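**Student:** Please take these sequences and the hints and turn them into a complete structure.
Line order of the protein sequences matches chains A and B.
Residues 1 to 105, numbered by this note's numbering, are exactly what the first sequence covers, in order.
Residues 1 to 398, numbered by this note's numbering, are exactly what the second sequence covers, in order.
Because the hints were derived from the structure by calculation, they are not lab data.
Computed from a prediction, not measured in an experiment: that's the story for all the values here.
Be a bit skeptical, because a hint or two may be false.
[Said to hold, decoys possible] What follows is a list of derived Cβ distance ranges for each label pair:
{"#": "1", "chain 1": "A", "residue 1": "His34", "chain 2": "B", "residue 2": "Leu122", "range": "53 to 59 Å"}
{"#": "2", "chain 1": "B", "residue 1": "Pro277", "chain 2": "A", "residue 2": "Arg43", "range": "58 to 64 Å"}
{"#": "3", "chain 1": "B", "residue 1": "Met6", "chain 2": "A", "residue 2": "Asp14", "range": "56 to 62 Å"}
The beta-carbon is built from N, C-alpha and C at its ideal position, and this holds for glycine as well.
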Amino acid sequence: MKKIDAIIRPEKLDRVSDALNEKGHYAMTVSDVHGRGEQRGIRLQFRGKEVMVDLIPKIKVEIVVDAADAEEVVAIIKDKAYTGENGDGRIFVYDIDKSIQIRAE
Amino acid sequence: METDIMINSAFILICTALVMLMALGVGFFYGGLVRKKNLISMLTLSFVSVALVSIQWVVCGYSLAFGPDIGGIIGNLDYCMLQGVEMSGDPVPDMLFMMFQLSFAAITLAIITSAVAERIKLSSFIIFGLLWTTFIYDPLAHWVWGGGWAQTLGVLDFAGGIVVHIGAGFAALALALVIGARLGFGEHNLEPHNIPLTLLGGALLWFGWFGFNAGSALAVNEVAINAFVVTNISAAAGALSWMFAAWVHGKPSSLSMISGAIAGLGAITPAAGFVGPVAAVCIGTISGILCYGALLFRLEHNWDESLDAWAIHGVGGVWGSLSLGLFAIPAIGGISGLIAGGYSQIVLQLIGVVAAIAFAFCGTFILAKAVDMVFGLRVTKDEEYVGLDISQHGETMS
Numbered sequence: 001m002k003k004i005d006a007i008i009r010p011e012k013l014d015r016v017s018d019a020l021n022e023k024g025h026y027a028m029t030v031s032d033v034h035g036r037g038e039q040r041g042i043r044l045q046f047r048g049k050e051v052m053v054d055l056i057p058k059i060k061v062e063i064v065v066d067a068a069d070a071e072e073v074v075a076i077i078k079d080k081a082y083t084g085e086n087g088d089g090r091i092f093v094y095d096i097d098k099s100i101q102i103r104a105e
Numbered sequence: 001m002e003t004d005i006m007i008n009s010a011f012i013l014i015c016t017a018l019v020m021l022m023a024l025g026v027g028f029f030y031g032g033l034v035r036k037k038n039l040i041s042m043l044t045l046s047f048v049s050v051a052l053v054s055i056q057w058v059v060c061g062y063s064l065a066f067g068p069d070i071g072g073i074i075g076n077l078d079y080c081m082l083q084g085v086e087m088s089g090d091p092v093p094d095m096l097f098m099m100f101q102l103s104f105a106a107i108t109l110a111i112i113t114s115a116v117a118e119r120i121k122l123s124s125f126i127i128f129g130l131l132w133t134t135f136i137y138d139p140l141a142h143w144v145w146g147g148g149w150a151q152t153l154g155v156l157d158f159a160g161g162i163v164v165h166i167g168a169g170f171a172a173l174a175l176a177l178v179i180g181a182r183l184g185f186g187e188h189n190l191e192p193h194n195i196p197l198t199l200l201g202g203a204l205l206w207f208g209w210f211g212f213n214a215g216s217a218l219a220v221n222e223v224a225i226n227a228f229v230v231t232n233i234s235a236a237a238g239a240l241s242w243m244f245a246a247w248v249h250g251k252p253s254s255l256s257m258i259s260g261a262i263a264g265l266g267a268i269t270p271a272a273g274f275v276g277p278v279a280a281v282c283i284g285t286i287s288g289i290l291c292y293g294a295l296l297f298r299l300e301h302n303w304d305e306s307l308d309a310w311a312i313h314g315v316g317g318v319w320g321s322l323s324l325g326l327f328a329i330p331a332i333g334g335i336s337g338l339i340a341g342g343y344s345q346i347v348l349q350l351i352g353v354v355a356a357i358a359f360a361f362c363g364t365f366i367l368a369k370a371v372d373m374v375f376g377l378r379v380t381k382d383e384e385y386v387g388l389d390i391s392q393h394g395e396t397m398s
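**Tutor:** Here it is as structure tokens:
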């Protein structure tokens, strides 16, 4: 099994979630996070001074799927969260040792 | 001071404070409706509106609106810096009347912030607000209340349906068209981030509106009592009708309920001193449905008048101002509407409404274009993306 962590733009969540739904990937955990990438946030001009806005609000989507589905899920997220500009986010894929459903006997 | 004037003054002092609370309540109402990254900005715009207009009103606004008439269009500058505004006056001292009217001007600008939510440059809003209050609000108030042409003609506006609600609503629409839609409007989710905060703001508005409408009688009398009663009836009817209309289309959201209440409040405002309880039920019920329809119409046309000042205040104000000519009964305000057999008032109301729409919309459009060309109304794309809380104020909720 694989775990996919995707850090995406908050406004892209609906599109990503709908597209995953369409392909039958229903389960996900979503959280509000703050962070920065290689660009170290966004630079703004404020009264002639440069201001660095660190730690931009993002959404983290966590999904666990069969290893065979991992590539498809990654491709969907990459497609739906894309704008082509800095700050589109990042996807991490991990191996999962075990997945236990709490309700199951 | 005579006893009657003292009693009236005590009442209007309280009403003035209530209307001031409304102006700040608008900030909470709007603040909950934007995304979290713009909450502080939205609250600040209302506070800035109150502060800005408080000074403008004292310097020249009151004089332009209520000073001695020049050609039916505008007041002169005799009362500049409140010179000659006395502690005498009937039914309340002029100085208190000035303060009561100041609170109306302040809330009107606060309502307009709906149009620029999540994308206005604070500095440009300050410039726009100052110009708007001076060149649009003050003449409009003079026309209808300060001895201008509309008042001379017989156009009636009890507590601000034309001046405040049509003025703010149609100005907001014009301003929204000039500044343009928010990034991502119609593409991705721009849902409200805090509905309880919006309900709190709505509650402050409903509560404060008693001062707005009952206070407009300017005295402790039957007209004030009637205004208080019909205000509550119309708000309640509007809350229910919008909620039921939204229910037919999906869910009876709390936002639909509070939007309907404000639509009902906006609509009863011009008529509160002239109509009775049955009319208030009709005015409120219809306003809820009508304003909801206006909101749907706005969305169909992709107008990002973001927080619906036009749909709620503008359209509600138009309906309320016309309904005065329809439902007025002589026993309350001495005016007969269409149903009571008076045929002229509705024509007068129509003239007032059309003139106010044309003036507020066109005037604001020109003013907003001018400010946009000289200073730029809008923040940069990056600033809009990170939110106005950080980019304009250097502060954040999270």
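**Student:** Starting from the range 53 to 59 Å, see whether the pair His34(A) and Leu122(B) falls in it by beta-carbon distance.
**Tutor:** The hinted range 53 to 59 Å is violated for His34(A) and Leu122(B), with Cβ atoms some 24 Å apart.
**Student:** If you check the beta carbons of Met6(B) and Asp14(A), does the distance land in 56 to 62 Å?
**Tutor:** holds (60 Å)
**Student:** Using the Cβ atoms, figure out if Pro277(B) sits within 58 to 64 Å of Arg43(A).
**Tutor:** holds (60 Å)
When each numbered hint is compared with the structure, a violation occurs for hint 1 only.
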